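Undergrad: Chains as they are written, first to last, in this note's numbering: chain L, -5 to 135; chain R, -5 to 135; chain X, -5 to 135; chain P, -5 to 135; chain B, -5 to 135; chain H, -5 to 135.
Please keep in mind that the hints were generated in silico from the structure rather than gathered at the bench. A couple of the hints might just be wrong.
Copies of the same chain look alike in the list, so a pair counts if it works inside one copy or between any two.
As the list claims (entries may be wrong) - Below 27 Å or equal to it, Euclidean Cα-Cα: the simulated DSSO-like pairs (lysine-lysine) are:
(1) Lys0 / Lys67
(2) Lys(-2) / Lys50
(3) Lys50 / Lys36
(4) Lys0 / Lys91
(5) Lys121 / Lys77
Bear in mind the structure is a predicted one, so any value in this text is a computation, not a measurement.
Protein chains: 6
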Amino acid sequence: MEHKPKLVYITRKEHFNAAHRLYNPSWTDAENEAFFGKCANKNYHGHNFDLYVTLKGYADPNTGMVMDLKKLKTVIKTYVVDKLDHMNINQDVDFMKGQLASIENIVVAIWNQLEPHIENGQLHCIKLVETERNYVEYYGE
Amino acid sequence: MEHKPKLVYITRKEHFNAAHRLYNPSWTDAENEAFFGKCANKNYHGHNFDLYVTLKGYADPNTGMVMDLKKLKTVIKTYVVDKLDHMNINQDVDFMKGQLASIENIVVAIWNQLEPHIENGQLHCIKLVETERNYVEYYGE
Amino acid sequence: MEHKPKLVYITRKEHFNAAHRLYNPSWTDAENEAFFGKCANKNYHGHNFDLYVTLKGYADPNTGMVMDLKKLKTVIKTYVVDKLDHMNINQDVDFMKGQLASIENIVVAIWNQLEPHIENGQLHCIKLVETERNYVEYYGE
Amino acid sequence: MEHKPKLVYITRKEHFNAAHRLYNPSWTDAENEAFFGKCANKNYHGHNFDLYVTLKGYADPNTGMVMDLKKLKTVIKTYVVDKLDHMNINQDVDFMKGQLASIENIVVAIWNQLEPHIENGQLHCIKLVETERNYVEYYGE
Amino acid sequence: MEHKPKLVYITRKEHFNAAHRLYNPSWTDAENEAFFGKCANKNYHGHNFDLYVTLKGYADPNTGMVMDLKKLKTVIKTYVVDKLDHMNINQDVDFMKGQLASIENIVVAIWNQLEPHIENGQLHCIKLVETERNYVEYYGE
Amino acid sequence: MEHKPKLVYITRKEHFNAAHRLYNPSWTDAENEAFFGKCANKNYHGHNFDLYVTLKGYADPNTGMVMDLKKLKTVIKTYVVDKLDHMNINQDVDFMKGQLASIENIVVAIWNQLEPHIENGQLHCIKLVETERNYVEYYGE
Chain L
-5 MEHKPKLVYI
5 TRKEHFNAAH
15 RLYNPSWTDA
25 ENEAFFGKCA
35 NKNYHGHNFD
45 LYVTLKGYAD
55 PNTGMVMDLK
65 KLKTVIKTYV
75 VDKLDHMNIN
85 QDVDFMKGQL
95 ASIENIVVAI
105 WNQLEPHIEN
115 GQLHCIKLVE
125 TERNYVEYYG
135 E
Chain R
-5 MEHKPKLVYI
5 TRKEHFNAAH
15 RLYNPSWTDA
25 ENEAFFGKCA
35 NKNYHGHNFD
45 LYVTLKGYAD
55 PNTGMVMDLK
65 KLKTVIKTYV
75 VDKLDHMNIN
85 QDVDFMKGQL
95 ASIENIVVAI
105 WNQLEPHIEN
115 GQLHCIKLVE
125 TERNYVEYYG
135 E
Chain X
-5 MEHKPKLVYI
5 TRKEHFNAAH
15 RLYNPSWTDA
25 ENEAFFGKCA
35 NKNYHGHNFD
45 LYVTLKGYAD
55 PNTGMVMDLK
65 KLKTVIKTYV
75 VDKLDHMNIN
85 QDVDFMKGQL
95 ASIENIVVAI
105 WNQLEPHIEN
115 GQLHCIKLVE
125 TERNYVEYYG
135 E
Chain P
-5 MEHKPKLVYI
5 TRKEHFNAAH
15 RLYNPSWTDA
25 ENEAFFGKCA
35 NKNYHGHNFD
45 LYVTLKGYAD
55 PNTGMVMDLK
65 KLKTVIKTYV
75 VDKLDHMNIN
85 QDVDFMKGQL
95 ASIENIVVAI
105 WNQLEPHIEN
115 GQLHCIKLVE
125 TERNYVEYYG
135 E
Chain B
-5 MEHKPKLVYI
5 TRKEHFNAAH
15 RLYNPSWTDA
25 ENEAFFGKCA
35 NKNYHGHNFD
45 LYVTLKGYAD
55 PNTGMVMDLK
65 KLKTVIKTYV
75 VDKLDHMNIN
85 QDVDFMKGQL
95 ASIENIVVAI
105 WNQLEPHIEN
115 GQLHCIKLVE
125 TERNYVEYYG
135 E
Chain H
-5 MEHKPKLVYI
5 TRKEHFNAAH
15 RLYNPSWTDA
25 ENEAFFGKCA
35 NKNYHGHNFD
45 LYVTLKGYAD
55 PNTGMVMDLK
65 KLKTVIKTYV
75 VDKLDHMNIN
85 QDVDFMKGQL
95 ASIENIVVAI
105 WNQLEPHIEN
115 GQLHCIKLVE
125 TERNYVEYYG
135 E
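The whole structure should be built from the sequences, with the hints applied where relevant.
TA: Now the structure itself:
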């Protein structure tokens, strides 16, 4: 009855726990403290981050799926979660080297990590929830 | 003071519990098992599904509403929730007959069930949450 | 490595508790009761409202941020939360005077309160959650 | 295999939206304002209340249940939710007449409303969640 | 400073998705339907179950832990989650054979599965959440 | 009508974000790594911690309250949240000096911080949620 392919958006939620601090290395410690406040604490603080990865695409008629979520889970684990979970984002994460560890920068870096590995459908949005009151989204623009 | 009509999006969340399995009848059992894994279990498994129905439209100046949410609730109950709740999606649901019971296909079928019955505003999005880690959205395209 | 500025969406969630009733003063009490049902109760009822404010913009290279969320929090507190929290929306809130206290109207009024005070980035969306089953979004159109 | 009856605790969550204010009629308005702050606002404020009702008892071997949750839902609706939902707790609720509308007093009053109507098992706990940051429990002591 | 050992309660949450139906084989189909309503649907329905396992014990001074939560996670996975996830509780689960698949009975059966494998501390409570409105707890009595 | 005082339990939820690592200084780095795995990462990781503080007591007839939650909030902020929020628990927190930074030890330390400052009612339980899958409770025993 329904022959026209339908564009659906599928989302997988993953999770990691990490430490970070907000710190601009070209500023003095006092300037960092003045601007970032307690987020600049030199011994770091941390969060439970929730990560939502959304793809868009057409369901395959044989499987009813845009992309197998088990595969998507593996891709996210390999290229993002294993590199961030229980890590210090300022010190331990290769794809954040040389960047200020703000959630705005992290969300763009996660997009860049995942995009080459999405085989079915297209990466549509990365949403990163830092606390129950703050989150950031990036649509690749 | 505000005379230009404003386009607002209203969302109603409903809920149903159902069983399903992922199974392509033109494949062998072994092929289904190989592709869908435990989601193909022949005795079914199930979920608590959360359904979000979003309309867009202009608020009526007499009521302040796009559509009375009590009416929307009744429409969703009649055409979707009563047909899915405590049911087996592969066997008991007329509007899923002949379709693979993936959430991608279910969300499109729910759109088709609701769309003819939206009298005020326009159906904008159906979001179906299968587990706390997986969800699908469909915007009618 | 990344030189092109990236458009990110940042969201801050705030909260207020308020009383309201749905009531059209140009209708009789019986007409209000017939249309709005228990939502028209003359002694009011209330909700815990969750408010999501989303901005879009480009991260400042010096701070990694679109807008300092501490500043955004202060703006929301001053122009919205302090005026609504523990208040009666029909009686106590200057920016709702003369308007039906529906969530569709409240969400537009909150947009108008905040928009002049967003200094970095652009106001993108106001989302107001009235109950765990109902919410409204407004994108300024 | 298991012959000894097992003591299980079953909980049903229900929901109501209501207005209230904290106000001691034997104090002056200034004293109320000084003690209760914005919670004393004379035009009321409101909340979405979540109510958890817990029974304890032994599962009936014929039904596997302590008490049919459909029956428990009906009892809670009749004696509690229908009397509180979309109401003003200070003015509209018979079983709160003459009492300060604090959650501590409401939770005891809800216990007294329900206890005579629990036919299977025993009322064990009433938990009332006022906001995502405040809740009260009462065990009948 | 603190020498007396302290009794702490630690909880691990796990998750499984399963199908079930409420059905007493010694009743007729009509009797099952009359008592259990749509929960008796012969083609099954299903849920996302959240499982909370609580131990009590004294923290080991060398590790600061009652029991390594990674080990507890493995025990729960082996003896409970792998046997229930994506399964039909009435048909596929050895430790539920011959029992009515009510959450009251499932929670006791899960206790019996786990108890012999808790090496540090003591099993204190099993809580099983069937829907956002229903849950059951069992303390081994 | 109700003259006997009623024992009620009130809970306040607060929140902090912090970094920590699991590390026993009397073990080698290799031993720490072997036992604690990625939780021992030398550059720290972090969490959003939810803290629930429960008091028990009798409601004051003049206020309807066990303890003014605004006061309790201030006590928790002064003695716990201000010392933990955006901090490194291993390095920055006076009341955790010399202790392994496990949640079992943190929860006992929080009890000791708060107990001398509870003026109405009695401290009943501290619950600390580290991730959506792990939490610890302590009742002062």
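Undergrad: Each of the hints needs a verdict: does it hold here or not?
TA: Each hint tested on the structure:
1. Lys0 / Lys67: both (23 Å within a copy, 25 Å between copies)
2. Lys(-2) / Lys50: This pair counts as both: shortest intra-copy Cα distance 16 Å, inter-copy 24 Å.
3. Lys50 / Lys36: neither (40 Å within a copy, 29 Å between copies)
4. Lys0 / Lys91: between (40 Å within a copy, 18 Å between copies)
5. Lys121 / Lys77: For lysine 121 and lysine 77, the Cα distance is within 27 Å only inside one copy (17 Å; across copies 30 Å).
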